[in-house]
Each structure stands twice: as structure tokens, then as C-alpha cells.
Amino acid sequence: MTTVFKAIGAILLIGTPGSLELDNITLYEAVLQGLLGVALLYGGIYIDEIKKAL
Numbered sequence: 007m008t009t010v011f012k013a014i015g016a017i018l019l020i021g022t023p024g025s026l027e028l029d030n031i032t033l034y035e036a037v038l039q040g041l042l043g044v045a046l047l048y049g050g051i052y053i054d055e056i057k058k059a060l
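Each residue of the sequence shown is one higher than the last, beginning at 7 in this note's numbering.
Please note that the accuracy of each hint is not assured.
[To be verified] What follows is a list of derived Cβ distance ranges for each label pair:
| # | residue 1 | residue 2 | range |
| --- | --- | --- | --- |
| 1 | A59 | E27 | 37 to 43 Å |
| 2 | Y34 | I14 | 19 to 25 Å |
| 3 | P23 | Y48 | 15 to 21 Å |
| 4 | N30 | A59 | 39 to 45 Å |
| 5 | L60 | E35 | 34 to 40 Å |
| 6 | G24 | I51 | 31 to 37 Å |
| 7 | E35 | A59 | 32 to 38 Å |
| 8 | I17 | E55 | 18 to 24 Å |
| 9 | M7 | L41 | 17 to 23 Å |
| 10 | L38 | V10 | 18 to 24 Å |
| 11 | Y52 | T32 | 25 to 31 Å |
| 12 | I20 | L60 | 28 to 34 Å |
Since the hints were made in silico from the structure, they are not lab data. Given the structure is predicted, the values throughout are model-derived calculations rather than measurements. Quick reminder that beta carbons are idealized off the backbone N, C-alpha and C, glycines included.
Generate the whole structure from the sequences, applying the supplied hints.
And the structure:
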């Protein structure tokens, strides 16, 4: 499941500049999409670290 979080986060981060360049989303939406991607990516990494500690 954490791999899915990390993959979706990476896809959101990679897709943000392209969507913004094609005018599919506004700057505000691009910032929100980037923040969501970062949160998912770091969330997956954080959960993996917790699992290793236990």
C-alpha cells in the first residue's frame, strides 16, 4: 500500500508542470497538486520507516 502512495505522489509531482503548461489547471491548483504529491510521497516513506522500526 505504501508503494501505491509513493507512486501516486511521484506521478502527481511529475504531472504538475505539464498540466500547468497546457493550461489544464490554474497556478493555485498546481500548488495544491504539488503539495498533495509531496504529502503522499513523504507519507509513504514515513510509514515504511515506522514499519522498519517495529
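Hint-by-hint comparison with the structure:
Between A59 and E27, the C-beta spacing of about 41 Å keeps the proposed range 37 to 43 Å intact. The hint said 19 to 25 Å for the Cβ distance between Y34 and I14, and at roughly 21 Å that hint holds. For the hinted restraint 15 to 21 Å between P23 and Y48, the CB-CB distance of approximately 19 Å keeps it satisfied. Range check, N30 to A59: about 40 Å between beta-carbon atoms, so the 39 to 45 Å window is met.
At about 37 Å, the beta-carbon gap between L60 and E35 stays in the expected band of 34 to 40 Å. For G24 paired with I51, a C-beta distance near 24 Å fails the hint of 31 to 37 Å. Checking the proposed 32 to 38 Å range against E35 and A59 shows it holds: the Cβ atoms sit about 36 Å from each other. Checked against the hint of 18 to 24 Å, the C-beta distance between I17 and E55 comes to roughly 22 Å, which is consistent with it.
Our hint of 17 to 23 Å for M7 and L41 holds, since their Cβ atoms are close to 21 Å apart. Separation of L38 from V10 is about 20 Å and conforms to the stated range, judged on CB atoms against 18 to 24 Å. Judged by the Cβ atoms, the range 25 to 31 Å given for Y52 and T32 holds: they are separated by roughly 30 Å. Between I20 and L60, the C-beta spacing of about 31 Å keeps the proposed range 28 to 34 Å intact.
Hint 6 from the list above is the single one not met by this structure.
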